[in-house]
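Participant: Chain residues, written in single-letter form:
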Amino acid sequence: MRNLPLFVLLLFVLLLGSTGAFAQQDGADLSRGFPDDDWDNSPATNDSGEPANADALGSGFADGDGWGDDDGWGDDWEDQSASKWLALSGFVEGALGSRWDEDEAVGRYGTLADARWRLETGWSNDSVKLTYKGDFLADGIDEEFDLDLRDVSIAFSPAANLDAKLGRQVLTWGTGDLLFLNDLFPKDWVSFFAGRDDEYLKAPSNSLRLTQYNGIVNIDFAWTPKFASDEYIRGERFSYFSPFVGAIIGDEPPLQVDEPDDGLSDGEYALRLFKTVNGVEYALYGYYGFFKTPSQVTGPFMLTFAPMSSLGGSLRRTLGPGLFNVEASYYYSRDDSSGTDPLIANSQLRLLTGYEWEAARNFNVGLQYYLEHIRDHDKLIANSPTPEFEPPENRHVLTTRLTYRAMQDKLNWSLFAFWSPNDNDAYLRPVVTYRASDNWTTTAGLNLVGGKDIYTFFGQFEDNSNAYVRVRYNY
Amino acid sequence: MNRRHSLNRTRLLTSLALLAVAGSVSGAALTDADEIVAQANLASYYPGVDGRAEVRMRIMDAQGREQRRQFTILRRNVAAGGDQNFLVVFSRPSDVRGTVYLVKKHIAREDDRWLYLPGLDLVKRISAGDKRTSFVGADYFYEDVSGRDPAEDKHELIDTTDEYYVLKHVPLDSSSVEFASYVTWIDRNTLLPMKIEYTNGSGNVYRRIEVQQVEAVQGYPTVAKSRVSNLETGGYTDMQFGFVGYDIGLPDDVFTERSLRNPPQQWLERPAQ
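Protein chains in written order, with the working numbering: chain A, 1 to 475; chain B, 476 to 748.
There may be inaccurate statements among the hints.
[Unchecked claim] Subject to a maximum C-alpha distance of 30 Å in a straight line, what follows is the list of computed BS3-like cross-link-like pairs (lysine-lysine):
| # | chain 1 | residue 1 | chain 2 | residue 2 |
| --- | --- | --- | --- | --- |
| 1 | A | Lys129 | A | Lys84 |
| 2 | A | Lys275 | B | Lys579 |
| 3 | A | Lys275 | A | Lys129 |
| 4 | B | Lys579 | A | Lys410 |
| 5 | A | Lys410 | B | Lys599 |
| 6 | A | Lys129 | B | Lys579 |
[To be verified] A few chain A residues facing chain B, derived, Cβ under 7 Å:
| # | residue |
| --- | --- |
| 7 | Leu171 |
| 8 | Glu199 |
| 9 | Lys202 |
The hints are simulated quantities; they were obtained by calculation from the structure and are not laboratory data. The beta carbon of each residue, even a glycine, is placed where N, CA and C say it ideally should be.
Bound conformation, chain A alone (with noise of 0.2 Å):
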């Protein structure tokens, strides 16, 4: 396992070193499927600027293959037959990250270095659908080598306007971006903070989802029997602010944090009622379970989840050139209803709103407000034994998006940036994705992250900032 950091920067190195051999391989394939006859000499516009004349309305497509002529495209082209597997796909990509100073809390610089193989399948005819997503992961950070399933579901329709997708699966709903209220399902906090791809922002959970569709409202309804957490920072491979010592710290001593499984009742119940109406879509949610991070002391270093239940709303629309969303939730801490028990985490009421439009050709600007006000802050800080590290009653966070797209599409530039005027924090995820083929795509980026204060939100992780670079291979 000592060797591990190595293979993965090996495979790495070989992964870089076959892109041009794959490139040249891709050219060849252009040739042979493509005779050039077919494709780049044949005149569309003739001498007198008008257009060539179309082919004689023919047959139709009923003959041979369904597709006219075939022009080269060959039969490598999926065919939508009503049973069967679906075509073994995925990727392999190594990515590798860094700190550019040591962190002294952590004892190191690596921030990321993942060997992954994603395999993807299923199989499906008219009424059932299996799916296998899953990614064999050699992470030389954690030095482990992990089955990281991704999806791993059987979806049907038990009855007409109901769906059930059972099984392991990714949950997303509501309307922020990189901003969560109304979404409680699992995120992985770890791999945003290293810059693995946005996907694995969100965590899988092994659940059970119900939508029903009909004409008054739809309903979704998200069961998980075993509490999901999120994959939160704890000092591994990233540093925190630990109120325990007042000081960044890593995973020394390490956290000891208990996860509710006292069976069925220690699970997370999620609900969305969901319609649009004139293209306005209205949502209201519920959720009964805990909080997603540890939000309840037990001892020095020992941390569990405080139950909590929520409620909330959010309606987004078109608005003038862009698209405009508003989103509540309220946090119910169950244990602390009066905010009196330093120990537990206290209610919560969150706000968003956002407005996102495309500013310019290719260029997209999103913005967005956030709050998240503590209830009964003033027994919060009467009671806590540390209140000089307490977030403050109202956190404001202002978030920016900037994407611009060059090359058809290909080069794919963007700036997600946070900031807490209030908490004097920030957070700059700078991203390059250059997508030079179908199968090759190279993706370079920060997480810069910093603040006055070493406590607050953002300002904790400052030690963590980093560079990455991920190449895939899809395939």
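Chain B: place on chain A using the hints.
Facilitator: Frame of chain A, contents of chain B only:
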């Protein structure tokens, strides 16, 4: 208030289009630009009550590097010449498979458009102003998929040749588009636009759409091959349509959020030959 009138009008136009297909049009040329545009719009985007096609695209850049996309498109007219629904389900390449695009096209107001990204289980809304941008990397725009509302441009018939009506179109709101004007060559028989050239503010043609092959499917002239060229970058996209069917009986509820997460397999399957 004009609803009944416009319905009758579109019904009439549909029958005209059908006559044109049958090749029984006397040869008397249409002279009203708005009329020609209305008929071309019907011929391009409204044949049948509903339709299905498999589409494959080859996206080429100036260096000859290729990307491909394959998807199935389902369409249903709410009213001929009026509102329409589209569902586009991607099957290739592997990193876009399962991506679904839903359009509710409205004449009276902005279209509603959603994109489903399966990796994140995310239903993403697409803003209204964002329609003259690339559709999944192609030189085609989102607006080319579902059609541009004829009422957004002023039309002028500039020439009538033996084969084509040649029209010039100027946008009423030039701030919402990247072109200053465009010219279409509309086939006098099929009423399909066979070539479209877009001119920018400096008077240069920078974008061209050409129909390269037309086939009759169930009596409807149907584009089988087309190319969009970006004359500024040298890139272009070839598009082929296959397994086309009309009036297949698509129900309304295919075009809802349900189909984003759970595409309607029954309608996406290729019909038996």
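Participant: For the pair supplied as a hint, lysine 579(B) and lysine 410(A), is the alpha-carbon distance within the 30 Å limit?
Facilitator: Holds, at roughly 27 Å.
Participant: Hinted pair, alpha-carbon criterion (30 Å max): lysine 129(A), lysine 84(A). Please report holds or violated.
Facilitator: This hinted pair holds, its Cα atoms lying about 10 Å apart.
Participant: With the threshold set at 30 Å, check whether the alpha-carbon distance from lysine 129(A) to lysine 579(B) stays at or below it.
Facilitator: Within the cut-off at roughly 27 Å; holds.
Participant: Within 30 Å, alpha carbon to alpha carbon, are lysine 275(A) and lysine 129(A)?
Facilitator: Judged against 30 Å, a Cα distance of about 26 Å means the pair holds.
Participant: Holds or violated: lysine 275(A) and lysine 579(B), Cα atoms, limit 30 Å.
Facilitator: Between lysine 275(A) and lysine 579(B) the Cα gap is close to 15 Å, so the pair holds against 30 Å.
Participant: Does the nearest C-beta of chain B fall within a distance shorter than 7 Å of the C-beta of glutamate 199(A)?
Facilitator: Holds, about 4 Å.
Participant: Can we keep the leucine 171(A) interface hint, with Cβ of chain B closer than 7 Å?
Facilitator: holds (6 Å)
Participant: Are the Cα atoms of lysine 410(A) and lysine 599(B) separated by 30 Å or less?
Facilitator: holds (20 Å)
Participant: Would the hint on lysine 202(A) be counted as holding, given a Cβ-Cβ threshold of 7 Å to chain B?
Facilitator: holds (5 Å)
Hint violations for this structure: none, all hints satisfied.
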